[in-house]
Amino acid sequence: MTDTYNSKQRHEKQASPSAALLSLTDGQLQHLENISKHIEVLLHASEAPLTAQALKKHLSLSTKELQQALTLLQQRLDAGVLHLHETASGYRLQIADDYSRLIQRIFPQRQERLSQALLETLSVIAYKQPVTRGDIEQVRGVTLSSNILRQLFDKGWIIEKGYKDTLGRPALLHTTPQFLDAFGLSHLDELPPLPNMDAIRALP
Amino acid sequence: MTDTYNSKQRHEKQASPSAALLSLTDGQLQHLENISKHIEVLLHASEAPLTAQALKKHLSLSTKELQQALTLLQQRLDAGVLHLHETASGYRLQIADDYSRLIQRIFPQRQERLSQALLETLSVIAYKQPVTRGDIEQVRGVTLSSNILRQLFDKGWIIEKGYKDTLGRPALLHTTPQFLDAFGLSHLDELPPLPNMDAIRALP
Amino acid sequence: MKPVSVDSAHDMSLRIYQTPVHHLPDDLYVPPQAFAIWLEQFAGPLDFLLYLVKKNNVDLTQMPILPITEQYLAYISELDTEHFELAGDYLLMASTLIAIKTELLLPAPETPTDERDPKAELIERLEAYAQIKVVSQRLDDLVRLERDVFLAMVSMPSQDIMNAELPNYSANLLIDSLFKMQLQPDYQMHTIKIDAVPLADRIANISRQLSTQGTRSFYELLDKAQGKIGVVVSFVAVLELIKRQLVGVISLEADRYTDVDSSDNTNEIGALSSDNEASTLTLQWLA
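Protein chains in written order, with my numbering: chain L, 1 to 204; chain Y, 1001 to 1204; chain V, 2001 to 2287.
Check the hints yourself; a few may be wrong.
Pairs of lysine-lysine residues, derived as DSSO-like cross-links and limited to a Cα-Cα distance of at most 30 Å, are as follows [as the list claims (entries may be wrong)]: (1) V/LYS2243 / L/LYS164; (2) Y/LYS1164 / Y/LYS1128; (3) L/LYS128 / V/LYS2119.
Just so you know, the hints here were simulated from the structure itself, not pulled from any lab data.
Produce the complete structure using the sequences and hints provided.
Here it is in structure tokens:
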């Protein structure tokens, strides 16, 4: 689960200009240090990841300042247990994956398990979007329970957008950036591939 | 920025044996450093504040180890924006007060708006207390996000008290006097009467 | 979640509802109550059919429809009437299977029809479902937030400091939230659009007023602070509640309008009432 965590590597690569910080004066460094603290506060206080755009706007930063401050922030976080993670919808602070097992052991209730029904529903939406509720029922052969949809809406993983031009104009469901965030994807292209039909036909 | 920071001072006073840390060998210090990281992880991951008792139990620590590790933790946190806050119900990590204006400025709605999911959770606790996490999930029909519980604990509106005598002995949740204050009630009896939900639910 | 758990339950002695289960035999005989539970392991009739196909050790395209239909019906017949709710989708599939079976037993029509071969159609659905099932497993294997990695949670600065500007909340907010939870087809609650007066809130608020007070006039249900748009949204809310049969109209009494506190806002409201008779819409909670 841990080592292959590619977006972590991605961030570290991108943030390599830490050498550039060496050429700064103490005053400049102090200034950047303050910015990095403000970023840390905002990331902790925000309910959703924050984009570079939003951070720049909220704190009136140039792109360069932001990059330097993020580098400083990651350096500071490295001394502790948090990790600056860049997702599809922005930056967020998460607990370094080395500690996942500790958390799972001590707070088993934090481990959210998803039922097969929910995963199947989510898969239909993710792979066939946009879909109607009827489409989901058709694929799964089961009446869609409102609890499952409710849970998906609650997590912010799906939204309704637009209508299908058929009888009753049913709403169309799509996945959201939060869905990508939750599954560590940065784009829908990165979804695991659909198995091919030949493999499906010759079921194990 | 920090001088008026009383709980920090309080902690430092109580933990003033930071000098005592100087006499430790590198190996011992490394060991304590690891413990302090584990404590940091648990505090970041826990929905409710953690008592010294709980920390000692989860991480198999002696009282002395705990105190030393907490001192180390506070030292490390001083470089960032968080501080170790000790409340009546235990330790938690909190954004330093100096940043409250920044937070208010950028997320003004964060303080005022209570999400529907949070309100529903709170309602279930208020009307059906004492309840377990599972009870809430049962009533709401969706899994409960840790974040919501954490917010309710942070606001001081709910506490854990006692355990339900079932599998896993889940903690029981109750509302607090602060909850009554926030909603302008002087007693739980004053909660608006609960409508007949069964009747509503049974309707087509 | 895998069907094999029927076998893995083999060595346990347990009690499911009133039925003691000492062991589950391999031939899949399961007591009726336990059967409902057993069936819950399947995500639905397609999942169950896949299981049967696999059990018969055949390729999906070679699915022997007759024996599989027999097996399917044999299992479903175990379900007692108490579990019909669970069985709904299964019964629907049973009727599809019977239809296919009937078709296969009948002599082939001499002239080919335009209708699609129902067996081929079923196999297609099974394939599509199997694909989703596999991919949902792959989705579940991804590193997932709040299962494999965890967000860091921290508390906001001291309550006292943050609280300085905190509003007080009305306890009715709690009740309204419960109404919303029960009444909202929640997938609509999340439609993203900015409503000055959210319909869901009005529905919950009006429900609370009517359910606690029994009867109120439409005017009394309004939140005067919400202005004209509030009247319109409230009216839509009432229509929605009437549609759901939670609320009924008692009467359209004439001239009660003037009894109602006729201060500041009445002009605005009056302007909306269509005619001079100013009749009052009185509503009643039916639940």
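Results for each hint:
Using a Cα cut-off of 30 Å, the hinted pair V/LYS2243 and L/LYS164 holds, with the two alpha carbons roughly 24 Å apart. Using a Cα cut-off of 30 Å, the hinted pair Y/LYS1164 and Y/LYS1128 holds, with the two alpha carbons roughly 14 Å apart. Taken as a hint, the L/LYS128 and V/LYS2119 pair is honoured in the structure, with Cα atoms around 24 Å apart against an allowance of 30 Å.
Of the numbered hints given earlier, the model fails none.
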